[in-house]
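> Going down the list, the protein sequences come from chains L and Y.
Quick note on the numbering used here: the first sequence kicks off at 1 and runs consecutively.
Quick note on the numbering used here: the second sequence kicks off at 1 and runs consecutively.
Each hint should be verified, as a subset may be incorrect.
Stated by the list, open to error - The list that follows gives simulated cross-link-like pairs (lysine-lysine, DSS-like), each with its CA atoms no further than 30 Å apart:
1) Lys832(Y) to Lys161(L)
2) Lys617(Y) to Lys76(L)
3) Lys23(L) to Lys832(Y)
4) Lys743(Y) to Lys768(Y)
Just so you know, these hints were derived from the structure itself, not from any lab.
One-letter residues, chain by chain:
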Amino acid sequence: MITIIDLEKYYATEEVRTIALNKLSFKVREGEFVAIMGPSGCGKSTLLNILGLLDDPDGGSFIFNDIEVAGFNERKRAELRKHNIGFVFQSFNLIDELTVFENVELPLIYTGVKAAERKERVDAVLEKMGIMHRRKHFPQQLSGGQQQRVAVARAVVNNPKLILADEPTGNLDSSNGNEVMDLLTELNEAGTTIIMVTHSEHDAKYSHRIIRMLDGQKVTENILADYKSSVAP
Amino acid sequence: MPDLTGFHPDSYRDCEVYQSKIKKRAIMFRNHIKIAFRSLKNQPFFTLINTFGLAIGMAGSLLIGLYIYDELSYDKMFADAGRIYRIDMDIKFGGAEIKSAETAPPMAAALQRDFAEVENTVRFRILGSNLFRSSDKSANIKELSTTYVDATFFDMFGLELIDGNKETALKEANTLVMTRTAAENHFGSINVVGKSLLLNNEDTYVVTGVMEDLPKNSFLKDYSIFMAMAGNVASRENIWGSNNYFTFVKVLPATRMDHFQLQLDGLLEKYILPWAQKTFPGMTAASFAASGNYIRYHTIPLTNIHLHSDNQIEMGEKGTIQNVYILSFIGFFLIFLACVNFMNLSTAHSLKRAKEVGIRKTLGSNRIQLIVQFLTESSLISFASMILAVIVAFIALPFFNDLAGRTISIPFTEPLFYVAILLFTMVLGLFSGSYPAFVISRFIPVETLKGNGFKNGSKWNIRSMLVVFQFGIAVFLIVGTLVIFQQLQFIQNKDLGYSKEQVLVISDSYAAGQQVNAFKHEVLSLSAVKSATLSSFMPIASARSNSSFFREDAMDQKFAIQMQTWDVDHDYMKTFGMELIAGRGFNNQSVADSTATIINESTLTTLGLSAQEALGKRITEDVELGKPVFYRIIGVIKDFHYESLREDIGALGLFLNKSTGSMAVKLQTDDFASAISSIENIWNEQAPGQPFNYRFMDDAFDTSYNEERRLGNIFIVFTSLSIFIACLGLFGLAAFNAQKRTKEIGVRKVLGASVSQITFGLTTDFLKLVAIATAIALPLGWFVMNIWLQDFSYRIQISWEILAFAAFLVILIAILTVSYQSIKAAIANPVKSLKTE
Ligand SMILES: Nc1ncnc2c1ncn2[C@@H]1O[C@H](COP(=O)(O)OP(=O)(O)OP(=O)(O)O)[C@@H](O)[C@H]1O
Ligand SMILES: [Mg+2]
Chain L
1 MITIIDLEKY YATEEVRTIA LNKLSFKVRE GEFVAIMGPS GCGKSTLLNI LGLLDDPDGG
61 SFIFNDIEVA GFNERKRAEL RKHNIGFVFQ SFNLIDELTV FENVELPLIY TGVKAAERKE
121 RVDAVLEKMG IMHRRKHFPQ QLSGGQQQRV AVARAVVNNP KLILADEPTG NLDSSNGNEV
181 MDLLTELNEA GTTIIMVTHS EHDAKYSHRI IRMLDGQKVT ENILADYKSS VAP
Chain Y
1 MPDLTGFHPD SYRDCEVYQS KIKKRAIMFR NHIKIAFRSL KNQPFFTLIN TFGLAIGMAG
61 SLLIGLYIYD ELSYDKMFAD AGRIYRIDMD IKFGGAEIKS AETAPPMAAA LQRDFAEVEN
121 TVRFRILGSN LFRSSDKSAN IKELSTTYVD ATFFDMFGLE LIDGNKETAL KEANTLVMTR
181 TAAENHFGSI NVVGKSLLLN NEDTYVVTGV MEDLPKNSFL KDYSIFMAMA GNVASRENIW
241 GSNNYFTFVK VLPATRMDHF QLQLDGLLEK YILPWAQKTF PGMTAASFAA SGNYIRYHTI
301 PLTNIHLHSD NQIEMGEKGT IQNVYILSFI GFFLIFLACV NFMNLSTAHS LKRAKEVGIR
361 KTLGSNRIQL IVQFLTESSL ISFASMILAV IVAFIALPFF NDLAGRTISI PFTEPLFYVA
421 ILLFTMVLGL FSGSYPAFVI SRFIPVETLK GNGFKNGSKW NIRSMLVVFQ FGIAVFLIVG
481 TLVIFQQLQF IQNKDLGYSK EQVLVISDSY AAGQQVNAFK HEVLSLSAVK SATLSSFMPI
541 ASARSNSSFF REDAMDQKFA IQMQTWDVDH DYMKTFGMEL IAGRGFNNQS VADSTATIIN
601 ESTLTTLGLS AQEALGKRIT EDVELGKPVF YRIIGVIKDF HYESLREDIG ALGLFLNKST
661 GSMAVKLQTD DFASAISSIE NIWNEQAPGQ PFNYRFMDDA FDTSYNEERR LGNIFIVFTS
721 LSIFIACLGL FGLAAFNAQK RTKEIGVRKV LGASVSQITF GLTTDFLKLV AIATAIALPL
781 GWFVMNIWLQ DFSYRIQISW EILAFAAFLV ILIAILTVSY QSIKAAIANP VKSLKTE
């Protein structure tokens with residue numbers, strides 16, 4: 001599903017030029033659950049932004065579903081993104097002015113789904129995430145774990161093939177964190193590809209494979225579980 | 001021993017405590033100012049927009065304030081102004097009601113004689129423009145405003161002479177008093193008492209006094225030459241039927257004006273009826289009233305004349321209280337708009353400071369201290385704005401004076417000015433700071449520390465309402481401006497019933513004396529000239545009087561017609577392209593035509609005749625001498641507008657008589673300059689030494705709407721200012737809004753929103769408010785401007801296009817203002833905006 005080859009990303013500030021990604025290469029197959037780990041500042045978030053088509057690499061190749069997407073302009077990336085990718089962030093990134101329902105509904109609005117169908121699908125997802133009774137609440141009125149569940153609901157409501165999660169449990173206590181990890185596992189079992197950045201070895205164990213990074217490069221890879229692709233390799 | 005100092009040890013200690021309290025306060029105060037300065041410096045964008053907006057608003061209202069102050073100060077400078085009244089009159093004698101500031105010549109004497117409360121009276125008989133030649137000069141100089149006046153003039157208004165004796169000046173016929181400027185114009189000096197002047201090449205006048213120029217804000221401001229009433233024979237006649245004298249009375253202190261009025265009402269019985277019975281034997285008060293006619297005298301205080309008189313003709317330039325109200329309204333809202341900006345931006349900005357406030361509160365700062373802190377900030381901005389505003393107003397004043405047709409100055413030497421301005425600034429600072437201070441100090445620490453100043457949900461907060469209010473005013477002012485200009489346009493393009501294009505009016509053609517006919521003849525021979533006519537009556541608003549006429553077959557006061565009588569020559573109608581609808585024009589060969597008249601359509605209505613019926617009928621003027629002269633109606637002319645379009649067209653009769661006041665020349669060339677110079681050459685041959693003054697009819701027409709045009713210009717300027725201020729506020733608000741929603745916009749983009757969707761969303765949030773404002777303000781503007789239009793007998797309908805255009809304009813402006821910030825926010829990279837979290 002994803003192939004990156006010699007991916008590069010630089011940040012040029014006034015004096016220093018930071019190499020955030022340094023000729024990074026790996027593959028992620030459809031249906032896989034991959035965890036990315038590494039010390040702070042090694043380029044994990046940068047990588048996730050590129051994989052999520054939020055940012056453009058400075059060099060190398062990024063093939064998403066057999067299409068070379070490196071060098072795509074903002075509009076094309078947005079088009080590809082809204083139909084294929086869901087995001088879960090450490091800080092939830094819910095919109096404070098919108099209710100739970102409205103937050104989850106947003107991606108459907110942007111992909112042009114009709115109002116009646118939107119309601120059906122949002123309700124279904126909220127039900128599945130166990131936050132149906134909170135649908136009229138505003139984010140500020142929810143606990144961190146509940147907020148992250150809303151964020152996950154919002155990430156999956158469009159049935160994306162890929163979910164990118166940047167430290168999804170970073171702001172949660174362990175029991176809330178475990179709940180979110182269970183949710184992600186469920187989604188993965190239902191066929192969604194997941195790439196997750198995490199600092200927690202505990203969370204990483206939920207995945208099939210851990211990619212460890214240092215200074216923008218891949219250092220090791222541990223295969224944790226037998227992964228059988230639903231699609232022929 | 002008694003303690004003479006009044007101090008005990010204790011009270012001494014009290015004093016110390018008190019002093020240390022003051023010291024503490026002073027330190028606190030300094031601290032507040034220091035923090036205020038720092039926090040303003042930390043938010044340059046916000047501070048700039050606030051100061052700038054407030055300064056513009058203040059400067060605008062300062063100018064308007066000075067203008068209104070000037071309007072209200074009219075005629076108040078005269079000594080005893082509070083005891084001076086003018087006798088005005090509403091008269092209906094056949095035809096329409098006339099409101100007149102002029103009354104009959106014997107009125108003043110009757111008041112002096114019969115009214116115990118009257119201390120003094122004075123009459124003016126306006127002469128208009130006249131030519132004067134000093135003994136030292138060979139050429140005439142024109143004075144635009146001259147008048148006969150009674151010798152009581154100086155006592156009445158407390159005026160002094162620079163030169164001459166005010167007790168004797170103006171006592172004798174053929175004496176005059178002139179202003180300093182006039183003296184300098186004619187003699188090049190002000191020591192001119194005893195010198196003589198030739199009036200209109202005929203009569204010699206002796207200068208008996210020189211006075212200072214009259215105050216700019218008085219009804220006398222234009223007058224430069226005052227001639228002794230003794231020289232005006234008609235002023236001594238006991239005729240109550242002709243009303244040409246502006247009559248002022250000074251009453252004794254503590255006079256009851258309701259009493260005075262009762263006595264005025266008695267004049268009808270005492271003087272007017274006996275006089276009228278000479279013409280209409282058997283006329284009684286009852287029969288006069290029964291015929292639907294009336295004469296009502298009333299008084300108007302001198303100081304009310306400028307703004308409150310609704311007479312057709314006044315001695316000075318008329319202002320209207322309506323314009324004062326309109327401008328007060330604009331001035332008030334200008335300043336209010338600026339305050340609203342301040343409140344809006346401050347509260348919006350407070351979101352950024354919510355955390356600061358939360359921390360301060362947790363650290364123990366109390367609410368009062370916070371409020372004082374915010375009020376200190378707003379006061380600082382207010383003071384800075386005021387300084388800027390005075391500078392801006394000072395620079396803009398000449399332009400404003402030009403626009404408003406005034407000579408206002410900023411009273412820098414007036415201590416009261418500074419007091420007023422400081423007070424105003426303080427009130428403004430506290431007022432505009434109060435709402436933000438209140439809102440911010442109310443923040444609850446726990447919530448603000450969570451990073452959210454306001455509760456979720458409610459979109460309809462006070463800030464939205466203020467934006468609605470601001471744009472409502474802008475829409476209202478735009479509608480006002482459009483209506484005023486469309487009405488002016490309408491007046492300009494209205495078919496007046498005669499042609500004012502390419503008509504040159506040469507004023508004071510009488511100065512050519514016997515040669516005036518030769519002058520006309522020569523001018524007619526020019527190829528550039530199509531036609532020319534001599535007459536003192538031009539179809540343009542001016543001071544003219546009515547006379548009463550009667551049909552031969554109905555010589556009853558019931559059928560009196562109030563009618564203007566214009567003396568014209570046989571080329572008059574041709575020159576102005578006026579149309580006959582029945583009968584014929586004048587023939588200068590026919591002797592009979594000297595007792596013929598051509599009436600207008602309005603006269604037909606008052607006569608109750610059709611055009612055909614009227615032909616051949618005879619009418620006569622109200623003469624008391626028994627042997628009336630009858631004029632045969634030989635033609636009926638299509639109505640033409642000879643007064644302002646504010647008035648209906650009144651009855652009018654043209655008479656074939658020599659009247660050489662001006663000559664109108666219809667040109668048939670586009671080369672006006674050479675036509676004018678040819679005419680001037682002829683003039684200099686025929687009337688050597690006489691000034692050649694001319695103007696174009698359409699220009700003259702336009703100047704009679706100066707007051708409206710001024711109002712229109714003032715509207716444009718202040719409408720633009722208020723829109724500018726509102727936009728400044730909207731711009732600032734949009735900026736803060738975009739900033740506040742950075743994270744949200746980032747999230748939306750990550751979820752797939754496009755740049756245009758985001759821009760649209762951000763912009764429509766504001767547009768909704770502007771749309772609500774428009775929906776409220778349009779009907780209001782329509783309503784108020786319709787009232788304004790009522791003043792015109794001939795007026796436009798406020799079309800939906802005007803309203804649509806106003807709405808379109810304000811929405812367009814709002815879009816342009818907001819979209820910059822919206823687009824800027826929409827194209828920002830979401831990766832960055834989410835990172836700042
Ligand atoms: N916008 C930027 N401008 C300049 N440098 C940046 C920018 N974004 C990231 N970097 C730098 O790129 C490097 C990689 O950053 P990145 O955010 O990907 O690290 P990370 O692995 O996600 O760290 P953490 O675990 O702390 O989230 C860091 O050295 C960071 O300082
Ligand atoms: Mg990171």
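> Tell me the numbers of any earlier hints that the structure contravenes, in ascending order.
2
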